[in-house]
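Enquirer: Residues per chain are reported as follows:
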Amino acid sequence: MKKILKYPAVWLFFLFLFGYMVLDMSQYHKTFSELENRELAKRPTFTLSSFYNNQFSPKYESYINDQFVFRDQWISLKSRAESLLGKIENNGIMYGKDGYMFQHYTTADTQRIQTNTTYINEFVQMYPQLNITVGIIPNSYMIYPEKVPLGAGQVDQTQLTDEIYQALDPSVKTLDFLTPLKAKKQEYIFYRTDHHWTTLGAYYGYSYFCEQNGWEPVALDTIGKTEVEGFYGTYFSKTKLYNAVPDTLTYYQIPVDEVSIDGEPVDGLYDKEQFSKRDKYAAFLWGNHGITLIKSQNNLRKEEGKTSRILVIKDSYGNSFAPFLTYQYDEVYVLDLRAIPMKMSEFLAENTFDDVLILYNFMNFSTDTNLAKLRY
Amino acid sequence: MVFSSIIFLFRFLPITLFVYYIAPNRLKNAVLVVCSLFFYSWGEVKYFPIMIASILVDYIVSLVIEKNRGTKWICRLCMGISLFFNLGMLFFFKYTNFFVENINALTGAHLSGIQLTLPLGISFYTFQTLSYTIDVYRGKTVAERNIVNFAAFVTLFPQLIAGPIVKYTDVSRELRSRKMNLGQINDGIALFIFGLGKKVLIANNIGSLWDQVQELGFANISTPLAWLGILAYAFQIYFDFSGYSLMAIGMGKMLGFEFPQNFNYPYISKSMTEFWRRWHITLGSWFREYVYIPLGGNRVSKPRMYWNIFIVWAATGFWHGASWNFILWGLFFFVFLVIEKMGLLSHLEKSKVWSHIYVCFFLLLSWALFAITDFSQLGVFLQKLFSFSGGIDWIYYLRNYLITFVLAAFCSVPLVEKFYHQVKKVPVVHLLLLGVILIASVAYLVDATYNPFLYFRF
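Line order of the protein sequences matches chains A and B. Adding 8 to a residue's 1-based position in the first sequence gives its number in this note's numbering. Adding 47 to a residue's 1-based position in the second sequence gives its number in this note's numbering.
Isolated chain A (complex conformation) (with noise of 0.2 angstroms):
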């Protein structure tokens, strides 16, 4: 007894050890996380030839780490240590003012950028009768430079994106976004701790679009809008910051009378239940699919006896500006090229279009490799 109270530190420590992976081996496995927005690792099932061809551990090692015992609580303990260290910045995202997340983005793939900018050139050759416009959607530190930490280095998407414009084939009509989300800045035009614009954001940048082709675009307060609290977006997934404020994401209850995901209807714009978990934003046109598609009387063109179409061909920020879309066309067509499950020549074979719209974000269209299907 004498002894156990002389070196405390022994008993303590390795009743902790041994405790800890006793509980750990005791507890109930979960598939998702919550909190950092994606798949936990399984078990690993244990075969003697992924043994021998070193694919088991790593797996396991992932596995044990994925389904510690208080994951969250240690990640979370991790972020309070991080900011006793005065840290602005984990896992790749910078902690801006005002409760901003900014990506740490020092180097675009300008090689990526030029391949995709020849894709969309290739896809303008090959079908002339086209109408085409391109928008290149900046980042939210281009919008609010003054609140990303000082030296942070930051790629210029301004020159870079008059680059990509510059490059395309002069048939293509450009989008210059910068320049109107930068007129509405005091507005909350970008969510803090997600990367993608908000509602509003995407709505100015709807405005834009219509503003350049002449059209009046729909007033928001002729549309009802709900408020969704506590969004924790895909940066906070990143940083995991303990203290982060939240978002509000908004979106409108636009009348439709038909949405179909690759033909399959669905109902209604928004996957409502998506609201109550985590990826909030996954809600808008119910995440990322192929061929979407947007039927409304929406229109405030309407001309009779014609029905006015538009392809939207976007990456997940096209997902809440295309329905604004239905004031302007009859058939909004959204198309994500990452999930399209036929080729884009089989599918311009069967439908025709007014006019298309590609509208990505900078950094996704500086990473993205799905551009190449444009020209199958």
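Just so you know, the hints here were simulated from the structure itself, not pulled from any lab data. Predicted model only: the values in this text are computed from it and were never measured. Among the clues, some could well be false.
[To be verified] Pairs of lysine-lysine residues, derived as DSSO-like cross-links and limited to a Cα-Cα distance of at most 30 angstroms, are as follows:
#1 A/K246 with A/K193
#2 B/K93 with A/K50
#3 B/K187 with B/K119
#4 A/K192 with A/K246
#5 A/K280 with A/K192
#6 B/K187 with B/K114
#7 B/K465 with B/K317
#8 A/K50 with A/K280
#9 A/K14 with B/K226
#10 A/K50 with A/K67
#11 B/K471 with A/K14
#12 A/K193 with A/K233
#13 B/K397 with B/K465
#14 B/K465 with A/K14
#15 B/K472 with A/K14
#16 B/K93 with A/K67
#17 A/K38 with A/K67
#18 A/K181 with A/K303
[Said to hold, decoys possible] Part of the chain A face toward chain B, derived, beta carbon under 7 angstroms:
#19 F21
#20 I72
#21 L85
#22 L93
#23 L158
Yeah, the Cβ is synthetic: ideal placement off N, Cα and C, and Gly gets one too.
For chain A, the structure is supplied; the task is to place chain B on it using the hints.
Expert: Chain B in isolation, oriented as in the chain A frame:
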């Protein structure tokens, strides 16, 4: 398996220690061998046979030497076999591709290299088994008859993959019979936790700065950021390496072994000579004992002595990695050690400020040489260090890492030990400190965004 991982801390270590402690004394070494072999094979099971061969060759060879003391040619032959086997393995796995590439570059040949990952810790355990056979050959120790004891010496998991380089004579007594006591285990736990903290809390944290600098590209950074980056690397490699050694020494104590010290505040040195008495001590003494002294050491003519030093430092550099920059890194120290030996040393030892500036400045340069394997990149980086290029990028990184730098600097000097002695006087505070470091380290391991293993080259 690496020490700084959840699977090691919450699976391997508790199970191993539990089985080890309840096993009867005569079986403890067998438990160690089995657990260590599992530790070694985890993640790279293909090298299990190499480890077994390593054990068998030196075990048998040394026994034969012992039995045939009188017959010189047998002893020599056996010693030759051990040298050939150990160095041969090291060269085959670690240096084949280096030589193939250089021969190809030199002669325009198209020899193809080998597609093999380096067996974990091969540079460490080949040196250990080699030292054993050499010591038996020289009659400094008797050969180990019990193969389990010998296997325990070779495979002992705490020091297997990243040192310290434990010589057989350091632990031969403990291998045969050791008495464990709670006081030793208690000390071991404290050392282990400090080692873990050094690696996970300081090395990983500050190391990501150097990583970011590399990602930015040396051509795109400002001069202050270049200096900040190499300073971060200097701290990273020290805390990573010494943290690993400390964990090994701590676990050694938990198992009843006393391993030699490996680092002793190297960055407070006043000369490069002193630095190498404080940095990776077991490697330095290995080279002194098994290379420098057999070559004649300093009991030879001056030119011969300098030649010996040259050999030792080229080899030391090459040991750290199969690339020219490591050889250059070794020779960099050769130059400074020779200059110091010729007379600079006495001046440095008298100086209080200049000696430290001299050591820190040239050490930072040496780390640039160590960290950057590509010579053209090294050129770009050195240019950044010395030809001023402005920018505000350093503001961001300094702000992000400032407290970590201060913490690292504090833990690099003996001041931290004075502080620790004060803490130790109040057992509750001591316990609390250990608890905080352990818990924080686990938290950083659970959410590990950056946890590199730096010794894959060794």
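Enquirer: Evaluate each hint against the coordinates.
Expert: Going through the hints against the structure:
no. : hint               : verdict
1   : A/K246 with A/K193 : holds (25 angstroms)
2   : B/K93 with A/K50   : holds (25 angstroms)
3   : B/K187 with B/K119 : holds (16 angstroms)
4   : A/K192 with A/K246 : holds (28 angstroms)
5   : A/K280 with A/K192 : holds (28 angstroms)
6   : B/K187 with B/K114 : holds (15 angstroms)
7   : B/K465 with B/K317 : holds (20 angstroms)
8   : A/K50 with A/K280  : holds (28 angstroms)
9   : A/K14 with B/K226  : holds (19 angstroms)
10  : A/K50 with A/K67   : holds (8 angstroms)
11  : B/K471 with A/K14  : holds (13 angstroms)
12  : A/K193 with A/K233 : holds (21 angstroms)
13  : B/K397 with B/K465 : holds (24 angstroms)
14  : B/K465 with A/K14  : holds (23 angstroms)
15  : B/K472 with A/K14  : holds (14 angstroms)
16  : B/K93 with A/K67   : holds (18 angstroms)
17  : A/K38 with A/K67   : holds (16 angstroms)
18  : A/K181 with A/K303 : holds (25 angstroms)
19  : F21                : holds (5 angstroms)
20  : I72                : holds (5 angstroms)
21  : L85                : holds (4 angstroms)
22  : L93                : holds (5 angstroms)
23  : L158               : holds (5 angstroms)
In this structure, every one of the numbered hints holds.
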